[in-house]
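Peer 1: In case you want the letters, here they are:
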Amino acid sequence: MDIQPKMPKSWNAATKPHKFCPGCGHGLILKALGQVIDEMGIQDRVVFGCDIGCSLLSWDFFNVDTVQTHHGRTTPVMVGIKKARPDRIVIAYMGDGGGYAIGSQHLVNAATRDDKITVILVNNTVYAMTGGQMAPTTMPGQKTETTPFGRDVEQAGYPMMGPEMVAAITQEGAYVARGSVAKFRKLKEYIRKALENQIAMRGFSFVEALSTCPTNWRTNAEKTWEFVEKIMPEQYPLGELKVPVIKEG
Amino acid sequence: MKKAALKAISKDVHKGKAVFSIFPGLCKGCGLCREKCPEGALSWSEELGVYGTPTVIPDPEKCKACRTCERVCPDCAIAITRKTGEDKD
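Just so you know, the protein sequences line up as chains A and B, in that order.
If you number the first sequence the way my numbering does, the last residue is 252 and the count never jumps.
If you number the second sequence the way my numbering does, the last residue is 653 and the count never jumps.
Rather than coming from a laboratory, the hints here were simulated on the basis of the structure.
We put the beta carbon where it would ideally sit given N, CA and C, even for glycine.
Treat the hints loosely; a few may be bogus.
[Claimed, not checked] Stretches of chain A that chain B covers, calculated by requiring three or more beta carbons in the stretch to come under 8 Å of a beta carbon on chain B:
id	region
1	163–170
2	213–224
[Unchecked claim] FRET-style restraints, in silico, Cβ to Cβ:
id	chain 1	residue 1	chain 2	residue 2	range
3	B	617	A	68	46 to 52 Å
4	B	615	A	136	22 to 28 Å
5	A	203	B	611	30 to 36 Å
6	A	111	B	648	52 to 58 Å
7	B	604	A	151	31 to 37 Å
8	B	580	A	115	57 to 63 Å
9	B	616	A	158	23 to 29 Å
10	B	624	A	146	23 to 29 Å
11	B	610	A	111	28 to 34 Å
12	B	612	A	203	29 to 35 Å
13	A	240	B	646	33 to 39 Å
14	A	152	B	616	31 to 37 Å
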């Protein structure tokens, strides 16, 4: 029997093994996204945009039209594509550094305008590609390269609660959720709902995915799971924050 | 995908009712599957993965072919095929 790897069909098999580090959560989130694209049968209509940071390593990940932009500008680029071609299904894929720090104005404005796009934002609590510096999502007390004694909220402030903010500034048709790679099936469900919300043209769809970064957390597999399963949800509660009310008829 | 990545190492598990396959050309040896296995059936293998790190191998006695490892693998390096019944996720 000739056994093949069980990759989603929308993945570009020629570029695998992919470029992410061992144990990186990006692979899991993109696997969830790939499976959802397969199940919905929308591969030929999807436009995938990746941001700068580790998320850019997904530029050749899928067999779909892909564009790579810088510093959170994936959101407005995807808004532009959606305005020009409303039949396309656009996915802006970015990390917490691109989406919440240097590119937060784009996220805030797209959410306020209620643009009909899907944003998937990967939160791993550090700037991973540049070596693990403190990011807006670094948790209080968490040790990083630039906070060797733990993040001090007096000095460095509190972490960014992205989905809570997006839920507060979007209109009624928006879908906002926070998933985690530790709850793979739930994450898949959130991504599916976010894409369906865009296809139904109800409003802005936003999914934050808690992810792993063993390289910069300096953790082994056991500690990696502990951090993403137990420690991260204490700061970032999982679940759906905003579900659009579907009007009958 | 390079041809080497397609080479699978297969092993009958769960009393011969399922086949566990690992693709050393895809496995990066992160160990996430090993921690998630509810039966503690996975151990490090002699076979090396794409980065020269050990891959995993199941204990056929303990493995129940629950496919948790397949689901949590970020690289799709594990494929479990059940010989009987539905092959659903």
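Peer 1: A separate judgement is required for each hint: does it hold in the structure or not?
Peer 2: Comparing the hints with the structure gives:
no.	hint	in the structure
1	163–170	violated (count 0)
2	213–224	holds (count 4)
3	B:617 x A:68: 46 to 52 Å	34 Å, violated
4	B:615 x A:136: 22 to 28 Å	25 Å, holds
5	A:203 x B:611: 30 to 36 Å	47 Å, violated
6	A:111 x B:648: 52 to 58 Å	53 Å, holds
7	B:604 x A:151: 31 to 37 Å	35 Å, holds
8	B:580 x A:115: 57 to 63 Å	59 Å, holds
9	B:616 x A:158: 23 to 29 Å	41 Å, violated
10	B:624 x A:146: 23 to 29 Å	41 Å, violated
11	B:610 x A:111: 28 to 34 Å	52 Å, violated
12	B:612 x A:203: 29 to 35 Å	48 Å, violated
13	A:240 x B:646: 33 to 39 Å	36 Å, holds
14	A:152 x B:616: 31 to 37 Å	35 Å, holds
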